[in-house]
Amino acid sequence: MRYSYKLIKEYLDGVVSREELIKYLEILGLNPAVVDKNENDILFELETPANRGDLLSLIGVAREILPFITASFKMPPLTFEETSTKAVPVRIEDENDCIYYSCRVVENISVKETAQFLKDRIEKLGYRTSFNVVDISNYVMAETGQPLHIFDLDKIDGYIEIRRARKGEYLVTIDGKKREIDEDILVIADSKKVIAIAGIMGGQNSEVTAGTKNILIESAIFNPVIVRRGSKKIGLATEASARFEKGISIDVCKTGMARATFLIKEVCRGDIGPLSESGRKKEISPLVIRLNMAKVNNLSGIEIEDGFIVDLLTRLNFKVKKNKKLFIINPPSYRNDIKEDVDIIEEIIKYRQYETVPASIPFASIKATPSSPEVEKLEKIRDICINLGFTEVIHMGITSEENISFNKKIIPVEIENPISNNLKFMRTSLIPEMLETIRFNIYHGTESCNLFEMGRVYYRGNGDFKEEIRISFIIVNSGDFFTLKGKLEKLFDKIHIKNLQFKKEAGIFSIENNLVIYVDDTNIGDIFILSDDIKNRFDLKNNEIHGCEINLEKILDKVSFIDFFKEPSRYPASKRDFSFIFHKDIEWKEIEDTILSLNLPVEKIEFFDFYRTKDMAEDTISISFSVFFRSPSGTLENEDVVSFSEKIVETISLKLKGQLRGTCGKT
Amino acid sequence: MKIEEIKQKIKEINEKAETELLETGLEEIEKLERWKIEYLGRKGKINNLFALLSHLSNEEKKEAGMLINNLKNKLNTAYEERKMKIEKRETSKINLSFPGKTTEIGSFHPITIISREITTIFTKMGFGVVTGPEIETDYYNFDALNIPAEHPSKDVWDTFYLNEKEKILLRTHTSPVQVRVMEKIRPPFRVIAIGKCFRRDDIDATHSPVFHQIEGLMVDRGINFSHLKGVLTHFIMEMFGNSVKVKFTPSFFPFTEPSAEVSMSCNICKGNGCPTCHNTGYIEILGCGMVHPQVFKNVEYDPDEFTGFAFGMGIERLAIIKFGITDIRYFFQNNIRVIQQFG
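Protein chains in written order, with my numbering: chain A, 3 to 669; chain B, 42 to 384.
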């Protein structure tokens, strides 16, 4: 809402400058934002906390700054005389829905354009002016925080009832819209029809018009939750509903009624009838809060004098009694945010000013709280990825239906209330968003890149919602499949994942050129040459793209970074190169395993080439690799290495039908 | 041909070769190579000399052969020396001002950079890093944090529901991790949690339905508001430098009481007022407060025994302030030319 310095000052019996007012509101964290400023006045808006409905009023703001100043609070005039006996009976269907309802008849008023003095005020507060009675109801809401409604009495039949709407009922609200209403909506009705949606908006059928002679003023308290649900359901939020949702006290409700009656009498004349009320007519006995002095100091970290607390709370209209080290406190009824001692402690520190509390470092145990081991492992993996030349990307993880359509076996997680169709599903794989990013970057001139993402995917399993941490790699126009595979093998080497196996099986992003990655027989992910079909779908034709996606949760407990020290052999190594011709479908793993099975002093086996030439038989391939021999216990003689090599050649030709093309190397 | 004639020939070739070698000059290696072919090539002048030996006696053959071989070795050495001289000259001719060959290395996403910077500051103060699920329940996201079910204070967290009936949602903040941690461990402890959060905000320059948050929680006996100020002031100064001014003002969060909003002097205009700080000279960077007793009760901690503080901040927002990034959409656009600026 809009506030005016001049209007607030009317409730203060004393001096406060407009600069002071703004400064105090800043100290209180209400972040005043000035919207207009002239020599007479300053108009501003505030960020009021959601639990401070009382601050949505000029009176509330005046009260809020009282502790900073010497002026006292001055209630605006509320007194008038009842001059008629005309009343409308009121009945509440359920006092849970409507806590309190009051209304008053005023007869023989003159409804006309608002007088200039009131018009000026209404405009300052940012409302549009209307007829005098309507302007008064808005003004009183701004003053007191109590939303009011004014009905044309002559359009009401019989009595007033506060009840739930019935199925099939509707109301044309004063904004001209027809609102379908049902049992979830609380309404004001007369003996024949619905005349207002309680706490939200009145109906056209009972609206004040130029010809109105007699009116009914309503001041009530509706259940905040019912108003909130109703406002959401019919999609209509008003200044009134915002205030009801935050809760209103009976005192405020009565003040609102009195103030409105007073102003109507002053401005529109008329005969004032008696108050009709229903519901809980008095505040429940005021809240009693016990505040321990020690707790104030313990929680704030500073010594606060008793006198400061008593003065402060008294200025804020709290009742305070001191009993040794204990304060017994009754907050005023309009402060429904104050529920327990910490709420009062906040008031104390707030007015003592946060800035005056010194910053100090807590005395804490030297023993740090350990981080979760998973977090540390994931961060180290992230480091390795950067070292391997991958640039990190992060995607939203909320994506389109198209992007989750690749894996038909997974049940996706769908958002019930998405903001758009493109952001409707939770991703089931990291790859599709990655491909969109690649398209974006190619379009913007970055044609080759190596990317990775570490993030969660989501799916439904056994009726539950599941999420798992994955990592994906993509290389675009910057190497072949084996470039990616090599980087991946290096990663696994660095995180000490052993027993890695690649099996050629169909995958989601390539049916033909996909390897499923296994660790100890557990499927942990895929590495693939992106299929042309998917490339086309992402508009990535003619780009060389290789990808990989791994479920990190399946390997995280096996990840480690330091092995126990192994004494390196002091003896020299010997290297032999071999070239064999194999059947083209030979698995590298078989070659490796065959050599290792010989139990020779092999330090490592390094693949370095494969090729086919025209002179070779069809269905064959030539594979070249180096074997490094090294013994932990002595220098290997040339004869030893020759005999090892012979053994390798013999076994490979026997077991794998490998035909030796050549061997070379020196000891 | 007689041996004397052959000897004479060897001598002539020797002299001629040496003269011509000097004439090849040092500028062009091709001339040297041509010289090599002329004299030392397979059909070169030296090899041709051997053909002349056929008519000599064995004794003479041996003598002449040795002379030819000596000449061959001598010229070979001369050739090598000459070649080395040329190459040395060639090397010194290289223009070293050309740029080096680039090596592709990866870059962290700015969100990771900021997260790690924050993590480092807090882990130095003994905080541990923990995580929690992104798919949450109403209970952890709201109820346990003292956020009333149907109250306007819930409006800040406009929520994506995955199943509203079963109260399954995407967490709107990292605060549910607080509750999950407290359910598992007893004080004293201090933790931070980092992760993705989701809110039903339309995308614009300052809003994104997905963003990252970092959450902190310290619980012990005797933790107070002054400690909260101390720890967070230290954090902000580590992050933005010792010259920033830090301001704590009252705020409202259902899960803390008292609550505060922390702002620091705008690092863009140095406090003079600019669009980023809405001309206030200060920018909000985080929300914090003393843990509300009700939150402690919800996890069966005794609020009379333990107190604690909690804080939360948006990582994108911090990155925007720290790096001067102008639009939150850059974070999820993944423009490589943007990411690679940050290392």
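Please note: incorrect hints may appear among the correct ones.
Chain B is nowhere near these chain A residues, computed Cβ spacing over 12 Å in every case [claimed, not checked]: (1) Pro79; (2) Thr85; (3) Thr131; (4) Glu171; (5) Gly249; (6) Asn325; (7) Leu328; (8) His446; (9) Gly447; (10) Lys496; (11) Ile607; (12) Asn640.
Stretch-level coverage of chain A by chain B, calculated; a stretch enters the list once three of its residues show a Cβ under 8 Å from a Cβ in chain B [as the list claims (entries may be wrong)]: (13) 42-54; (14) 153-162; (15) 347-356; (16) 405-417.
To be clear, the hints were calculated from the coordinates, so they are not data collected in a lab.
Here a beta-carbon is modelled for each residue, glycine too, at the ideal position from N, C-alpha and C.
Evaluation of the provided hints:
1. Under the 12 Å C-beta cut-off, the non-interface status given to Pro79(A) relative to chain B holds; the minimum distance is some 32 Å.
2. With a least beta-carbon separation of about 40 Å from chain B, Thr85(A) lies farther than 12 Å from that chain, consistent with its non-interface assignment.
3. Even its closest Cβ contact with chain B, about 28 Å, leaves Thr131(A) beyond 12 Å, as expected for a residue assigned away from the interface.
4. The Cβ of Glu171(A) lies farther than 12 Å from every Cβ of chain B, with a closest approach of about 23 Å, so its non-interface assignment holds.
5. Its beta-carbon lying about 9 Å from the closest one in chain B, Gly249(A) breaks the requirement of being farther than 12 Å from that chain.
6. Here Asn325(A) stays apart from chain B, with its beta-carbon at least about 19 Å from theirs, past the 12 Å limit.
7. Every beta carbon of chain B lies more than 12 Å from that of Leu328(A), the smallest distance being close to 14 Å; the non-interface claim holds.
8. The claim that His446(A) is not at the interface with chain B is violated, since a C-beta of that chain comes within 12 Å of its own (minimum 7 Å).
9. With 12 Å as the threshold on Cβ separation, the claim that Gly447(A) sits away from chain B is violated: the shortest Cβ distance comes to roughly 8 Å.
10. Against the 12 Å criterion, Lys496(A) stays outside the reach of chain B, whose nearest CB is about 14 Å from its own CB.
11. No Cβ of chain B approaches the Cβ of Ile607(A) within 12 Å, the least distance being about 28 Å, so the stated non-interface status holds.
12. At roughly 32 Å, the least C-beta separation between Asn640(A) and chain B is larger than 12 Å, which holds for a residue marked as non-interface.
13. Closer than 8 Å: that is the beta-carbon criterion, and the region 42-54 of chain A has 4 residues meeting it against chain B, so the requirement of 3 holds.
14. With 0 residues having a beta carbon nearer than 8 Å to a beta carbon of chain B, the region 153-162 of chain A misses the requirement of three or more and the stated coverage is violated.
15. Requiring three or more residues with a Cβ within less than 8 Å of a Cβ of chain B, the coverage given for the region 347-356 of chain A holds, as 5 such residues are present.
16. By the rule of at least three residues with a Cβ nearer than 8 Å to a Cβ of chain B, the coverage given for the region 405-417 of chain A holds, with 3 such residues.
Figure legend: structure checked against the earlier numbered hints; hints not met, in rising order: 5, 8, 9, 14.
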